Amino acid sequence: MENVVRVLSTLAPKGAVQNLAGPFEAAGGARIDADFAPTLGLLDRLQSGESADVVILTREGLDGLAAQGSVVAETCVDLARSYVGIAVKAGADHPDIATVAALRATLLGAKSVAYSRIGASGIFFAQLIERIGIAHLINANAKIVPSGLTAALLVAGEAELAVQQLSDPPRLE
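For the sequence shown, our numbering assigns the number 127 to the initial residue and increments by one for each residue that follows.
For the record, the hints were derived by calculation from the structure and aren't laboratory data.
These numbers come from a predicted model, not from an experiment.
Note that the Cβ used here is the ideal one computed from N, Cα and C, for glycine as well.
Have a look at the derived ranges for each label pair, beta carbon to beta carbon:
| # | residue 1 | residue 2 | range |
| --- | --- | --- | --- |
| 1 | ALA266 | ALA152 | 43 to 53 Å |
| 2 | ALA218 | GLY195 | 41 to 51 Å |
| 3 | ARG157 | ASP204 | 24 to 34 Å |
| 4 | GLY235 | VAL130 | 43 to 53 Å |
| 5 | ALA193 | ILE270 | 23 to 33 Å |
| 6 | ASP170 | VAL281 | 27 to 37 Å |
| 7 | GLU284 | ILE258 | 16 to 26 Å |
| 8 | GLY274 | ALA142 | 11 to 21 Å |
| 9 | SER196 | LEU263 | 34 to 44 Å |
| 10 | ALA152 | ALA218 | 38 to 48 Å |
| 11 | SER177 | ALA227 | 44 to 54 Å |
Under the rule of at most 30 Å between Cα atoms (straight-line distance), these lysine-lysine pairs were calculated in the DSS-like manner:
| # | residue 1 | residue 2 |
| --- | --- | --- |
| 12 | LYS269 | LYS215 |
| 13 | LYS140 | LYS215 |
| 14 | LYS215 | LYS237 |
| 15 | LYS237 | LYS269 |
| 16 | LYS140 | LYS269 |
With the hints as constraints, model all of the structure from the sequences given.
As structure tokens, then:
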């Protein structure tokens, strides 16, 4: 029987996992069978009974799975910190997001904002715009993608701003 490690991971560490898999396998480690999906998609799959040897999720996702007994709480460790950024089309001025007031003005001044429905960055962004009281205004013209790189909507001219995890590769020029 082939020695395989099944990995279910959010999108943010995809590059790192893929870069490490080859050398790990070449050094005599098991073959890495990795599947990458947005946070809520993975949570749905895991809660529906899909299993994995390694699960890479947000801290909140792991804590929820541990509370349900789906993962062993003592095995949960923080691997990385991922930030959320605002992307603009190549050549556009960088938006002012240095303060809450500046971010609010930038978002309200944009023709449209793209963000993910089920990825960690989109979940965070939806909570943020709700908390600062502009969700209804932003969502009126938002381009909410089910999953994937929101920056693709910048390149296509469908959005003026895109919310994306900084660890995701946003270069789509």
